[in-house]
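On the provided structure of chain A, position chain B as indicated by the hints.
Listed in order, the protein sequences are those of chains A and B.
Numbering of the first sequence is given in numbering that gives the first Met the number 0, commencing with residue 0 and proceeding in unit increments.
Numbering of the second sequence is given in numbering that gives the first Met the number 0, commencing with residue 0 and proceeding in unit increments.
No lab work stands behind these hints: they were computed from the structure.
Keep in mind it's a predicted model, so treat the numbers as computed, not measured.
The beta carbon of each residue, even a glycine, is placed where N, CA and C say it ideally should be.
Among these hints, one or two may not hold up.
Listed below are the simulated SDA-like cross-link pairs for lysine to any residue, each with C-alpha atoms no more than 20 Å apart in a straight line [unchecked claim]:
{"hint": "1", "chain 1": "A", "residue 1": "K297", "chain 2": "B", "residue 2": "T54"}
{"hint": "2", "chain 1": "A", "residue 1": "K87", "chain 2": "A", "residue 2": "D67"}
{"hint": "3", "chain 1": "A", "residue 1": "K87", "chain 2": "A", "residue 2": "H71"}
{"hint": "4", "chain 1": "A", "residue 1": "K87", "chain 2": "A", "residue 2": "D51"}
{"hint": "5", "chain 1": "A", "residue 1": "K297", "chain 2": "B", "residue 2": "G21"}
{"hint": "6", "chain 1": "A", "residue 1": "K389", "chain 2": "A", "residue 2": "E360"}
Which residues of chain A face chain B? A partial, calculated answer using Cβ under 8 Å [what the hints assert, rightly or not]:
{"hint": "7", "residue": "V90"}
{"hint": "8", "residue": "R426"}
{"hint": "9", "residue": "A429"}
{"hint": "10", "residue": "D447"}
{"hint": "11", "residue": "E458"}
{"hint": "12", "residue": "A461"}
{"hint": "13", "residue": "V464"}
{"hint": "14", "residue": "M509"}
{"hint": "15", "residue": "V518"}
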Amino acid sequence: MIGLVSEPSEQGAEQPITDRDRLDSLQRITDAALASLSVEQLLQELLLRISDILSTDTAAILLLDETDTLLHARAAKGIEEEVEQGVKIPVGRGFAGRIAAERRAVTIEDVDHADILNPILREKGIRSLLGVPLIVEQRVLGVLHVGSLSPRTFTGEDAALLQLAADRAAIAIEHATLSEQRQLAEALQRRLLPTDLSEMTGLEIASRYLPASHESLGGDWYDAFAIDVARVAVAIGDVVGHGVLAAAVMAQLRTALRAYAIEGHAPARVVELVNGMMFGLGPRAMTTLVYAVIDADKGSVELVTAGHPPPLLISSSGEARYVEGRGGIPLGVSEIARYESETLAFEPGTTVLLYTDGLVETRGESIDAGLERLRRLATRNGDLETLCMKLVAQLAPRERADDVAMLVARMLPVPERLRGRWPADRRMLASVRRALRRWLETRGASDDEIYDIVVACQEACANAVEHAYRPGAHTFDLCATCDDGRVRLTVRDAGRWRPPRGTNRGRGVMMMRGLMDSVEICHGARGTTVVLERALGARSA
Amino acid sequence: MSVLARVVEERGEHLSIAAVEGEIDASNASAVAERLRTLLTNRSSVLVVDLTATTYVDSAGLNLLFELAGELDHRQQQLRLVVAPDSPIARMAAIVGLDAAVPTHPTREAALAAQR
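Looking at chain A on its own, in the form it has when it is part of the complex (with noise of 0.2 Å):
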């Protein structure tokens, strides 16, 4: 078993083929590795093929954490009590320690008289041990150990040997460690549109986000969601840094926003209120953001920025500029920092961007020049996926050295047949009351006339949503045409038609029939269907 490697000299030319081949299955489980398995599968059979290589008793996996102090058992084959016990282990400290500050091969040929940290090495009866680093692109990842039951007196051959499946492993561990977490923050990007906002309030949101080539999950974020049915917040920020200390700081800032938002804060107070709960809580680290509000209702976009570069703002006849407002400093920097907003006009048809700084910023080039290639693409621009498929495809650099992150809303102009497809939910008939008033004004409908055809839409609805509480139905389809002064509402779900119960479910009919000048209900085996009809400016009030 020792024989193997501690004799290289008197085999002569055939053991390094001999090695060059457990080598070659190791290049090869780092190859497939890349492909298809975890972090921890992949470390898992790199140990076995490593205490194979140089037929050793037990094999260890410890890899720095985010602060680069502590190395943690990540993988152990022979002593799993290391990883099942989450032995972490400080930098320069004990074999381990020692291996990651002094980024050489240590050995220990006697573990009973050595200044072993890790008590397990003991209890296990391991008698001798070599260490190397795991080392990609000059940066220390970790540490592979090996060791032996039985008195053994690694050789530097051994060393060398150990070092070169170290260095193919620590590339396999970097590269399956950064799909991993790439995984991650697409994951948190992706969960965060979570509806779609535009038959709510009218309008149309279309974000990207790009993860930076080399480096580990980025800080930056964007988010949307809806204040009220008329308002929707827009936000996108930048946390300083990388890791997952950038992501944690990330996700607690996005929680905090929504919440302070929802709350009905103004928007220069809930990124005060953000900015003063990063000194409170948890991580720190400076963030920069814009945060806006849009208002359906008045036409209006409330804008705030900590540091970060201006929003584009895109007017219905493409011409875009930039709102320098009246930017404060980065979250994370003054726990006293007070900021302002800049309300602007926001009508049908303009479009506001935010992004990050990695869309405009390119080594050896000041940042106007980048600012100025955006605007230029950003204006005239078509639908908002092909505006962001274009300033991804100009903008963003194969090799990005930064994450990317945008976000665009549109504000559309009311169309001029009403069609939906709205969640059966309670909750929601305040958002169908908003987009049908918004539609019917635009139709030319009186306050009165407004009145009682929501009302009656409401009643359909209601029908449709009461429905969903029985399997199958979860939507129901709100269309809504106007012909010759004549509006014609026709309210779909896939639900069976209760009949009325007791007094109060006639009340919904009632009221129907009484606003509306016609009323039909279709009861069929797939669902139900209202029509519901009244001609405009024909009844007084």
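Then chain B, alone, in the frame of chain A:
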């Protein structure tokens, strides 16, 4: 989501007033009803529900008022409504006959001055 309706209360020994500001629909009708019920004690005899500042009500809201009127009547208490004449709320109340079933007054003053 922000709150659709706000209830502004004035509690009295025998008479309480609740003004409902905002919108009542199927999503908040039961919450509004709960709130109105808290204004009633064994000693109260009259509850005035002022709908002057109510901007929207559909059958869910009207049903709640019918039910509340029935409950109060059962306990020898009285519900009085304040509904501005010619308002959309008055039209809705008329369609389902709420104004005929529950004493309805054009102003809060008129509701307070009314005799049992």
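Okay, the hints, checked on the actual structure:
1. K297(A) to T54(B): 18 Å, holds
2. K87(A) to D67(A): Holds, because 12 Å separates the two Cα atoms, which is no more than 20 Å.
3. K87(A) to H71(A): 5 Å, holds
4. K87(A) to D51(A): Between K87(A) and D51(A) the Cα gap is close to 26 Å, so the pair fails against 20 Å, i.e. violated.
5. K297(A) to G21(B): 18 Å, holds
6. K389(A) to E360(A): Given that 20 Å is the threshold and the Cα spacing comes to 17 Å, the pair holds.
7. V90: At about 49 Å, which exceeds the 8 Å cut-off, the nearest Cβ of chain B leaves the hint on V90(A) violated.
8. R426: 5 Å, holds
9. A429: 6 Å, holds
10. D447: D447(A) check passes; min Cβ-Cβ to chain B is 7 Å, inside 8 Å.
11. E458: 6 Å, holds
12. A461: Holds - the Cβ of A461(A) comes within 8 Å of chain B, reaching about 5 Å at its closest.
13. V464: Nearest chain B Cβ about 7 Å off; hint holds.
14. M509: 6 Å, holds
15. V518: Violated, because the Cβ-Cβ distance from V518(A) to chain B comes to roughly 13 Å (cut-off 8 Å).
The structure fails hints 4, 7 and 15 (numbered hints given earlier, in ascending order).
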